[in-house]
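**Student:** Take a look at the letters that make up each chain.
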Amino acid sequence: MMKLMTSTFLAIALTAATANLAGADDGTATLTIEISSVAPSGGFVMVGVYDSETGWNDGTAVAGTRAAVDGDQITVVFEDLPAGTYGVKMYHDVDADGEMDTNLMGIPSEPFAFSNNARGRFGPPEWTAAAFELAADGSVHSVSFE
Amino acid sequence: MATTSRREALKLLAAAGGVAAMPMSARARQADPVFADYQAASQIDPWTLIVRDAPADGFDSQAALVSGAAPEGLTGTLFRNGPGRFSRQGWRYRHWFDGDGFLQAWDLRPDGLRHRGRFIETDKWQAEQAADRFIVPALASVPPQPGGLSGPDDMNVANTSVLLLGDELLALWEGGSAWSVDPDSLESQGARRWGNGLDGVPFSAHPKREPDSGIVWNFGQDAIRDRMIIWKIGPDGTLLQAGVVGDVPGGMVHDFVITEHSLVFLVGNYRFQQMRLPFLDSFAFDAEAPMIAIAIDKSDWTRRRTWELPPGFLFHFGGAWEEADGTIRLDAALSQDARFAMAGAYDIMRGQAETQTDSQARHMQVTLAPGGRSRIESLGDGYIEFPQVDPRRTGLRRRETWHIAWDSDQPRGATRIERRNLHTGGHDVFDHGEAVFVEEPLFIPASPVAPEGEGWIVHTALNSRVEQTELHAFNAQHLSDGPVASWRLPYACPFGFHGCWRSG
Chain A
1404 MMKLMTSTFL
1414 AIALTAATAN
1424 LAGADDGTAT
1434 LTIEISSVAP
1444 SGGFVMVGVY
1454 DSETGWNDGT
1464 AVAGTRAAVD
1474 GDQITVVFED
1484 LPAGTYGVKM
1494 YHDVDADGEM
1504 DTNLMGIPSE
1514 PFAFSNNARG
1524 RFGPPEWTAA
1534 AFELAADGSV
1544 HSVSFE
Chain B
66 MATTSRREAL
76 KLLAAAGGVA
86 AMPMSARARQ
96 ADPVFADYQA
106 ASQIDPWTLI
116 VRDAPADGFD
126 SQAALVSGAA
136 PEGLTGTLFR
146 NGPGRFSRQG
156 WRYRHWFDGD
166 GFLQAWDLRP
176 DGLRHRGRFI
186 ETDKWQAEQA
196 ADRFIVPALA
206 SVPPQPGGLS
216 GPDDMNVANT
226 SVLLLGDELL
236 ALWEGGSAWS
246 VDPDSLESQG
256 ARRWGNGLDG
266 VPFSAHPKRE
276 PDSGIVWNFG
286 QDAIRDRMII
296 WKIGPDGTLL
306 QAGVVGDVPG
316 GMVHDFVITE
326 HSLVFLVGNY
336 RFQQMRLPFL
346 DSFAFDAEAP
356 MIAIAIDKSD
366 WTRRRTWELP
376 PGFLFHFGGA
386 WEEADGTIRL
396 DAALSQDARF
406 AMAGAYDIMR
416 GQAETQTDSQ
426 ARHMQVTLAP
436 GGRSRIESLG
446 DGYIEFPQVD
456 PRRTGLRRRE
466 TWHIAWDSDQ
476 PRGATRIERR
486 NLHTGGHDVF
496 DHGEAVFVEE
506 PLFIPASPVA
516 PEGEGWIVHT
526 ALNSRVEQTE
536 LHAFNAQHLS
546 DGPVASWRLP
556 YACPFGFHGC
566 WRSG
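Line by line, the protein sequences are chains A and B. Under our numbering, residues 1404 to 1549 are what the first sequence spells out, in order. Under our numbering, residues 66 to 569 are what the second sequence spells out, in order.
In short, the hints are calculated from the structure, not lab data. Please read these numbers as outputs of a predicted model, since none were measured by experiment. Don't be surprised by glycine CBs; every beta carbon is placed ideally from N, CA and C. Treat the hints with care, as some may be off.
[Unchecked claim] For the chain B half of the interface with chain A, some residues (derived, Cβ under 8 angstroms), not all of them:
1) G265
2) M340
3) L342
Model the full structure from these sequences, guided by the hints.
**Tutor:** Next up, the structure:
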């Protein structure tokens, strides 16, 4: 049931470690993601940013980061992204083992969330539910783990 | 939630604010045909009380003894679980199995019979009770403006059965966690956590307890990936072992049986096809495939025997045992197709009984012999469900099965309680008559050392004539003598599915 979701999150973990954080073009924008209801305290929030439906579905992030959790809110900033349409996946690596933990059946056992607070049903949400616009002068996007 | 450039934020919020606060329009509320059909049927047919919403704050009252006398020595609590909430805001679930779990406790004491009912406060129940609307996609229904799902426990209704495990009462479903309940206060205590990567893993509704060791076996199905998890739990609730067994076809497996050496599954032809919402729509009846029997070695879960049987479907087994040569004998309520799950359980939600007779279960004995040979034989005429055994003979050779029974001219279901001798074919029947619809009969041994089959049969029933729920107790060996005692509540309760008994 949750295989797709699990593999997607594993892809975040891999991509986030290697993603190119800085685009160089002029006219790029800053994406600020305000993340709330982060619990329990500790560990890291792993964030992956996607710029296309294809990337969203196959888990190819254009940017990613790992943010230490200290309290129930975190803000992460991605600079120098071209203005356009994006989707964000994140999970809370509570035990800081670098992996999205799952139970024996492969169902995620660590908190996860998506842009637009979109929620999937038996898997991650569709790109169309999670996609949002990054404006040329920057955008602030709020996501809650609740 | 909002994604905006900073300057757009206020404008968009102002535009969105007007509609966001309305969970459901008045037009949608009036338009639900299932709700309307049930309302109409409930005006003329008291049988529809079996799927009426229970009050949100439950029940608590004394039942009146209406005939006979309480049997001496029969003291304890009958716990029963079943769906109890079917509609909110004028919108009704499509399928009987969707309703929120409603726990009933019948405390039988020398001074009387107290009845309590209380909803199991799953995460789903709490969220929807607070919002006063259904939010979560259910097994077979998607409510208006549905929310998302993070995992199966988000839609867990804990509505199928109950298991006493140590000091806990577990309310069982089959798609996710067991829900822990205090057996005295009936207060919900949250999803049962096992640790070890097992939290949220399916824990099905028909666990089996070995009579001598007290070890509880259970399974959970992952139909999408043709897998099962096997659970082995100590009598005190300690997890002894759990693991995944692959290559189990994704049929809808509701129940299983144990023998001394094996865990036995019948995978019927109601098979997972592809993921759809609601989830039940992912299944279809595949009449081309065989029904598969799988016996997994209790001591080595990688060892199995399999058999191919004619197409069929079942919810419930009676019991099973294994002969010295490895032959497994089991009895079950077996049907030729899955139309009850696929049609009848939808019709009930509309208050309609007519199509229930299309496909019903019959009492069958299945023999699984060495070398893949098998045989299916009828144990009696008519339709049966909820087969029950003396729990002291679970997994062992035994004589008898008790069950409910009805005929093709009874579209509203069973009015009879029957006992069947598996070896002689002899049977013992009591018919409550056309107005009393019976629920699962539970066998309660007269004492721990009483001979096999000596004890009581206890069952609840809807008396549609007086529109009240009853509890009947029988001498398990003399059903045809009629109840030794009958009690009646001042109200009718929704039907439950399964129960368990706590002595004392």
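**Student:** All hints are to be evaluated individually against the structure, with a verdict given for each.
**Tutor:** How the hints compare with the structure:
The closest approach between the C-beta of B:G265 and any C-beta of chain A is roughly 5 angstroms, which is under the 8 angstroms cut-off, so the hint is satisfied. At about 6 angstroms, the closest approach between the beta carbon of B:M340 and any beta carbon in chain A falls short of 8 angstroms, and the interface hint on this residue holds. Annotation: B:L342 was flagged as interfacial toward chain A, and the flag holds, the nearest CB pair being 6 angstroms apart, inside 8 angstroms.
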